[in-house]
Amino acid sequence: MTETEKAWASIRTWYEANVKEPPYADFFDWGSPASDAAFETVEEAIMCKLPSDLRDTYLMFNGDNKMWVLPGGYLMDLDEVLTTWNMFKEPVDNGLFDDSDARPDGPIKQIWWNPHWIPVLHNGGGDYHCVDMDPAVDGVVGQFIKFQHETGPSHVLAPSFGDFVITFANDLASGKYEFDMEEGSVRSVAK
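Position one of the sequence shown corresponds to residue 0 (numbering that gives the first Met the number 0), numbered consecutively onward.
Derived from the structure by calculation, the hints contain no laboratory data.
The reader is advised that the hints may include incorrect statements.
Distance condition first, Cα-Cα at most 27 Å in a straight line; then the derived BS3-like pairs of lysine-lysine [unchecked claim]: (1) Lys65 with Lys19; (2) Lys175 with Lys5; (3) Lys65 with Lys48; (4) Lys19 with Lys5; (5) Lys108 with Lys88; (6) Lys88 with Lys145; (7) Lys175 with Lys145; (8) Lys108 with Lys48; (9) Lys65 with Lys5; (10) Lys88 with Lys65; (11) Lys145 with Lys65.
Derived CB-CB ranges, DEER-like [said to hold, decoys possible]: (12) Ser99 with Ala172: 38 to 48 Å; (13) Asn17 with Ala44: 32 to 42 Å; (14) Glu177 with Glu89: 35 to 45 Å.
Backbone N, C-alpha and C define an ideal beta-carbon position, used for all residues, glycine too.
Let the hints inform the model, and build the full structure from the sequences given.
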């Protein structure tokens, strides 16, 4: 079992132990793994292999059914990943972002959208967390970044998607989060 798979197992166990009341107790349906065809379709379109930590996740379940399991948004299924990627690629191809003024913090290329970003989490309001397969000079291929619809790329969240998941699993285990029954998602515990 990979570290990412162990982290997901821990996250799943935490949710099962901490979310026991309706309506959310029955809401957390982790779904089925992504199909080989779904991987092939996405990887062919984006012209790169998904990083192993992301692949490990989708081999466990194809998205989180909009449950907002992770902080920052819900894990999109591979169909939605591809739809979102295409939604941003078309304006890039047509030069619509050429004059955009993106000023991210950290080692992210200063462009509004990069077709080598793989959108993974979505907050439902136009903001995404993406796997960056084409970072700036001091960046790391596969780093996990935040993209905001009003300002473009913002900052690096973690060295990789897997690191983001592992950190969250550790934070859950250490009591840094609780489940907010009113919001239907986790929130930081004030200390």
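Do the hints match the structure? See the list:
Restraint check for Lys65 and Lys19: satisfied, since their Cα atoms lie roughly 18 Å apart, inside the 27 Å limit. Annotation: proposed proximity of Lys175 to Lys5 holds, straight-line Cα distance about 19 Å (limit 27 Å). Distance restraint check for Lys65 and Lys48: the Cα-Cα separation of roughly 24 Å lies within the 27 Å cut-off, and the hinted pair is therefore satisfied. Straight-line distance between C-alpha atoms of Lys19 and Lys5 comes to about 22 Å, which keeps the hinted pair within the 27 Å bound.
Straight-line distance between C-alpha atoms of Lys108 and Lys88 comes to about 16 Å, which keeps the hinted pair within the 27 Å bound. With a C-alpha separation of about 17 Å, the suggested pairing of Lys88 with Lys145 holds against the 27 Å cut-off. For the given pair, Lys175 sits about 21 Å from Lys145 by alpha-carbon distance, which is consistent with the 27 Å threshold. Of the pairs offered as hints, the one joining Lys108 and Lys48 holds, with about 20 Å between alpha carbons and a cut-off of 27 Å not exceeded.
For the hint linking Lys65 to Lys5, the alpha-carbon distance of about 21 Å falls within 27 Å, and the restraint holds. With a C-alpha separation of about 23 Å, the suggested pairing of Lys88 with Lys65 holds against the 27 Å cut-off. About 18 Å separates the Cα atoms of Lys145 and Lys65, which keeps this hinted pair within 27 Å; it holds. As the Cβ distance of Ser99 to Ala172 is approximately 40 Å, the hint placing it in 38 to 48 Å holds.
Checked against the hint of 32 to 42 Å, the pair Asn17 and Ala44 passes, with Cβ atoms roughly 37 Å apart. A C-beta distance of roughly 41 Å is found between Glu177 and Glu89, which places it inside the suggested range of 35 to 45 Å.
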